[in-house]
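Listed below, chain by chain, are the residues.
Number of protein chains: 2
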Amino acid sequence: MPLLRQVLGETLRSRRLGQERTLREVSGQARVSLGYLSEVERGQKEASSELLSAICDALGIELAEILDEVSLMLRLADLTEVSGTGPTRASGPVLSAAAA
Amino acid sequence: MPLLRQVLGETLRSRRLGQERTLREVSGQARVSLGYLSEVERGQKEASSELLSAICDALGIELAEILDEVSLMLRLADLTEVSGTGPTRASGPVLSAAAA
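Protein sequences, first through last, are from chains A and B.
Mapping to numbering that gives the first Met the number 0: the first sequence position 24 is 23, numbers consecutive.
Mapping to numbering that gives the first Met the number 0: the second sequence position 30 is 29, numbers consecutive.
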């Protein structure tokens with residue numbers, strides 16, 4: 000299962016892009032540094048609870064809504080792992096045969 | 000709205016107590032220090048994503064399930080704030096009249 004900060008970062012990034020806003024705009028409104036927001040979005044830094052609240056406020060989204068989305072993404076990631084769908088299905092004899 | 004680490008801590012604590020397990024048992028299984036787990040449960044320390052995963056594993060609970068519960072608690076806290084229910088309702092003329 001992926002780590003919380005990775006899925007949280009992807010979710011925040013996807014919401015920001017959905018609003019067609021830049022890192023500069025959102026970080027400025029949330030009063031966090033642009034570098035910090037960028038690292039949080041890339042799952043490289045843990046967002047403190049205070050700064051996470053500020054980022055959600057800047058995006059105009061409830062924290063609860065973000066957590067719902069993160070929870071859903073975690074469950075989907077789990078399903079993908081269990082069902083074994085992924086890049087490995089494309090490798091092996093089938094590809095070799097097609098290439099021959 | 001309360002901070003994420005506070006609601007997360009309460010949720011983890013409530014799940015541990017529901018399993019009738021001690022801080023010592025769960026922290027040992029999660030390989031985190033007892034003091035750290037205690038601080039996380041009291042909302043005094045941010046849990047890193049890695050340690051949060053370890054704590055969930057030790058409790059035998061999916062992270063997604065914990066996040067669902069946290070999200071629900073945040074929404075309930077929001078409702079309570081909006082509806083204005085709380086200690087302030089009990090103060091004022093009603094109490095004075097009863098005491099008179």
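Be careful, since some hints might not be right.
Copies of one chain are not kept apart here, so a pair can be met inside one copy or by any two copies together.
Within a straight-line C-alpha distance of at most 25 Å, the following computed SDA-like cross-link-like pairs (lysine to any residue) qualify [what the hints assert, rightly or not]:
hint	residue 1	residue 2
1	K44	V81
2	K44	E9
3	K44	E68
4	K44	S82
Think of the hints as simulated: they come from the structure by calculation, not from any bench.
*Run the structure past the numbered hints and jot down the numbers of the failing ones, going up.*
1 and 4
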